[in-house]
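Here's the letter readout for the chains.
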Amino acid sequence: MPKKLRIGVDVGGTFTDFVLLNEETGEVHFWKSLTDYSDIADAIVKGMEALTGKHGFRLEDVAHVAHATTLVTNAIIERRGARVGLITTRGFRDTLEIGREARYDIYDLFLERPDPLVPRELRCEVHERIDAKGTVVHRLREEDVTAALDLFERRSVEAIAVAFMHSYLNTDHERHVRRLIHDRMPGIPVSLSSDVAPEIREYERTNTACANAYVQPIVRTYLSSLGERLRKVGFSGSLQLMFSEGGMTTARIACDEPIKLIESGPAAGAMASVYFANVANVRDVISFDMGGTTAKMCLLENGEPRRSNEFEAARAKRFKKGSGLPLKLPVIDLIEIGAGGGSIAHLNAMGLPKVGPVSAGSKPGPACYGLGGTKPTVTDANLVLGYLSPKNSLGGKVQLDLGKAANAIRDVIADALETTTVEGAAGIHDIVNEAMASATRMYLTENGKDPSKQSLLAFGGAGPSHAFGIARRLGIDRIIIPPGAGVMSALGMLVSSPTTTVSRSHMSRLSLIDWAELTAMFREMEDAGRALLIDAGTADGDIIFERSADLRFAGQGFEVCAPVPLGTFDAGSRQAIEDSFIQAYEALFGRRIEGVEIEATTWRLRAKSAPRDLNLRFPVATMNGSPQKGSRKVWFSESGYVDCKILDRLFMPPGFECLGPAIVEETETTIVAGPGSRLSVDPSLNVIIDLGPGTH
Amino acid sequence: MLATTDTKPISDIDLEIMWSRLISIADEAAIALKRTAFSTIVRESNDYAVVLLDENAANLAENSSAVPSFVGVLPRTLSSLLKITPPEEWHPGDCVVTNDPWLGTGHLPDLVVASPVYFKSKLIGFVASVAHLPDIGGTSLSATCHDVFEEGLRIPPMKLLDGGKANANLLDLIRANVRVADQVIPDIFAQISAHSVAQKGLCNFLAATGLSDLSRVSGALQAKSEAAMGRAIMELPDGEYRAVVKADGYGDRETEIHCCLRVDGANLSVDYSGTSPQVNFGINSVLNYTYSYTVYPLKCALDPETPHNEGSYKTIKVHAPEGSILNPVFPAPCNARHLTGQLLAGAIFECLAQAAPDRILAESGSAPSLRAMFSGARADGERFSQMLMCSGGMGASARGDGLSCMPFPTNTGAGSIEMFEGAAPLLIQRKELLASSGGQGCFRGGLGQEIEIEAVGKRPIQVSLMVERTKYPARGLQGGGNGSPAKAALGNGVSLDPKSRVELHPGETITLSFAGGGGFGNPAERSQALIASDKASGYTA
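Top to bottom, those sequences are chains E and U.
When we follow the UniProt record's numbering, the leftmost residue of the first sequence carries the number 1, and every step to the right adds one.
When we follow the UniProt record's numbering, the leftmost residue of the second sequence carries the number 1, and every step to the right adds one.
Check before you lean on any hint, since a few could be wrong.
Straight-line Cα separation of at most 27 Å, BS3-like style, residue types lysine-lysine; simulated pairs [to be verified]:
1) E:Lys629 to E:Lys645
2) E:Lys453 to U:Lys159
3) E:Lys363 to E:Lys32
4) U:Lys122 to U:Lys83
5) E:Lys453 to E:Lys404
6) U:Lys487 to U:Lys246
7) U:Lys246 to U:Lys200
8) E:Lys404 to E:Lys133
9) E:Lys449 to U:Lys200
10) E:Lys375 to E:Lys354
11) E:Lys321 to U:Lys200
12) E:Lys133 to U:Lys458
13) E:Lys453 to U:Lys200
14) U:Lys8 to E:Lys354
15) E:Lys32 to E:Lys449
16) U:Lys314 to E:Lys354
Honestly, the hints are just simulated from the structure, not real lab data.
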């Protein structure tokens, strides 16, 4: 019997989510278990057995297991990675430590920087040099490599990174060193900067190579143990992982470039948003995921998430740009804000109320959890305002204590501000919404986008409760809340296809490019991309290529990524590339510049499998009964407390419509639709909230 | 959206939301400026600022990463502009520019742009910005000029836009006087685009809050910031604290900065009487720049958390005697003003060390910034001009070691060496931490660095040096030792004049040593663990 099942697994901070897809019928089933950090592989196997068993299937029927993991990001944040040795060009062993030479907070005299991933005593220099044209100035001196490896052996190094100046142009010396290492220390993982991040800018490239080496041993151990466990219980399909750029890859490739798993979970969530945005037939969308400690925003344009080629890991000051380790790798470009249900409200030195970024977490949690927390949180405010029900939260698993929530807000906020508890609660709700809206406005400004022209796709435990307030602040007309909002990341893996990105730095003015050479370079990149995708199970005919380039006006210090035509380049390609760049530039900056030469720095190839035709069917569609299960007092800023209808999402069929204010409850989240809005359910079971013109 | 009107008082909750919104409007405008600017100096070095002001030219909010040297200047500039052009003579779509050092930020490359904001046909405030233009004619950036006329084009306050219409004469004049007009003109328009973002943001803000103008919110915000700074000053013991900072100056003319900081309740004054007279070289710091680099370190030390606005510095007075290097009179040269102005943080901190030693840093080796400009022609004949932007070490504090290779008080980042080598026929032979360059102490100063650069083309390369701290290294505090001095030398060991122009021939190298930061506290009290880890990592020899 052909295998027809796919399973997506997202190992998150608190829960591990599972989604089972039957490809024959489109039926989708969910499962959740508490994350067990002591043995994650075991928890995954048990969850898969439970989920398949519950629906009458066997693990043998599963063709693919797709996995998103926080292993890499946590290893870097908690500094649990390997002991790495770094080999650099002579004169440059401190590049990794000196970094960009800028303070991320101009008023903090005592700011801290993250320590480099490789300490100075494990950074060795060797005599070699390549110049900015890729020409060898000094040949590699092998004795220096030998001396470095002597030291690494003495110091029991577990992985090695190699990063030479201008190696993105000429990989010979780095590859030579790898051969020397293999001969001497077979089996030790080696990360070359020219493999991991073949791009100009020595600090970011070196850092990326070191980060890759740093997580390689633990990822290898974990994936081989998971693979073995799965085989033992009868699974014979393929194990895939979610890369940060929003595409699937195989366990083998993930072991070579594990750093690309760093944004695995958030990428999976964004890819699920892409699926639902397409189903809801909206083009320009902000994906909004709000959980217990953070909120994430991601811009989707024409069915694709916005991507970036840089990511900052392990920020020394939470959410502060510039305080982390910059990495060069393809990622989905999303912003993270320190705002979640657990974010704590407090008064600052001036007596003004602030919310977050500190979170009460799950222990002690918000005051209303009754687990000993006394600090007021966003969840406490939402409870006081009537957005959350004391009975129904987390699917009835947690009883929320309204009295404790109100007391915390009164004691810490309302009394000090000489206002009522409910005004204090509304303040907390509004302040956290403003923080998210402000960050979103800036993110959109950076990308040349107008917030009011977007739709908001909200999910996560707290997202649907805050979407209405944020949409009003941003002038957004439409909110979409997909079904399965609580397991979006796990769903994202089922709707994503294998993808890989290959890049090469090749700096040249377009007027001076050797087009035959560029064509040959892209052919080589395409061969590399094709091989990886075929390895991941994609048929040759199903592979789609996309080319792009980082371009700039000659003399500018930054690049804009713009699409580049496929096929063989010739002299006519220059015009097409220039037009594409000017168009992208104008979209970002609202103006064009004439008469300045354009130059390219890095060329990129994205190879992906043709998207599968999916039509997911969610279990919620089967319920019959009255959607309205009651009413309660709910507070809105324009009206104060009003009697508000409470709906049960399980009983809201496609075509259902009503006017706000309304609260929709479901197992993992609660939807708030304020006065003046119109709420409906579309044929794919998305809940749609339309904000009337008077709502803003 | 907010339940406030002109009659209802502004609650603390509303004020918090309005405050974040105003800062976010300034930040959005700053992003627009940065993204549309053409030159690397704005983009990579963040050498710009955007400020929202009320109708009385009081600062409401500024972008959160505004460059410290611009902090506090724009309201002063706008006040001067309003004396020249009273509010009733501004019109929608107007835009006034000036780069006069005495009106603006103290040297010609910084262009101040100001635009009025109208809401429902009423003038409710202004947007002002400043950005460092890539060129302003004259001798380019150097300390060697004898008056401001040599230093470049000086633009008195003029309307660049008059009712939305561009002043073509002025643009032609600028274009004719600068080296890279294709970068300068677009950068000016980037400032104008940023203003339209802020103007739109302010109008939306008023529409959403139900306020008819900015005066009430401005008053409320200023009161909060003034009170916060006042409280911080109150915590200092009343008294008079003095410091003297000596500097290389120019040639054999060393300079001295005399600083007297007085605390009296919630009031604080800084008096630079006794400071050296102005000199005929471009290291004079005009009063606006002196003011910025006086209030900035005070804010860092006393009240770093509160967002800055006009209220922040209401209780702070700054005096520098006219005709001194901290308040030079026209037409003093001032293009390399940072070589003097950036020393003020050290003077202020030395004074505060006597009152609140746990809140300050020892002197930083990165102040003043060591700059080297390399120019010449590439093999293909094309001209290049590349500034090497790197930093020495920051000073140590009572809380920890100084950061190595980190700018302070300015915040200009370093670019990539690979990019640098791609733009000019130069090969960097090494760029490494300078061991033992941080001053000793219970906490040691941040390390400086040493960079060796080789000319690899076929033609000689001009190097313009702006180097301080060759004779006077960054001093330690509370018993901490001094950092290592800065130095510029040729590969053959010959020392170079720190403020000069030299020629580097193919095959020759130049070595730049960036100063280390001062140490803090008695070196005998340094923990054994830190001593051992410094040794293991080679931070100390």
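Verification of the supplied hints:
A C-alpha spacing of about 8 Å is found between lysine 629 (chain E) and lysine 645 (chain E), which places the hinted pair at or below 27 Å, so the restraint holds. Restraint check for lysine 453 (chain E) and lysine 159 (chain U): the C-alpha separation of about 35 Å exceeds 27 Å, so the hint is violated. A threshold of 27 Å between alpha carbons decides the hint, and for lysine 363 (chain E) with lysine 32 (chain E) the separation of about 20 Å falls inside it, so the pair holds. With a C-alpha separation of about 19 Å, the suggested pairing of lysine 122 (chain U) with lysine 83 (chain U) holds against the 27 Å cut-off.
This hinted pair does not check out: lysine 453 (chain E) and lysine 404 (chain E) have alpha carbons roughly 40 Å apart, beyond 27 Å. This hinted pair checks out: lysine 487 (chain U) and lysine 246 (chain U) have alpha carbons roughly 17 Å apart, not beyond 27 Å. For the suggested pair lysine 246 (chain U) and lysine 200 (chain U), the alpha carbons sit about 48 Å apart, so the restraint of at most 27 Å is broken. For the given pair, lysine 404 (chain E) sits about 67 Å from lysine 133 (chain E) by alpha-carbon distance, which is inconsistent with the 27 Å threshold.
The hinted pair formed by lysine 449 (chain E) and lysine 200 (chain U) meets the criterion: a straight-line CA distance of about 15 Å does not exceed 27 Å. Under the criterion of a C-alpha separation no larger than 27 Å, the hint pairing lysine 375 (chain E) with lysine 354 (chain E) is consistent with the structure, at around 13 Å. A threshold of 27 Å between alpha carbons decides the hint, and for lysine 321 (chain E) with lysine 200 (chain U) the separation of about 26 Å falls inside it, so the pair holds. Between lysine 133 (chain E) and lysine 458 (chain U) the CA atoms are separated by roughly 16 Å; this keeps the pair inside 27 Å, and the hint holds.
At most 27 Å may separate the alpha-carbon atoms for a hinted pair to count; lysine 453 (chain E) and lysine 200 (chain U) meet this at roughly 16 Å. Annotation: proposed proximity of lysine 8 (chain U) to lysine 354 (chain E) holds, straight-line Cα distance about 22 Å (limit 27 Å). Between lysine 32 (chain E) and lysine 449 (chain E) the CA atoms are separated by roughly 37 Å; this puts the pair beyond 27 Å, and the hint is violated. As the CA atoms of lysine 314 (chain U) and lysine 354 (chain E) are separated by approximately 25 Å, the hinted pair is consistent with the 27 Å bound.
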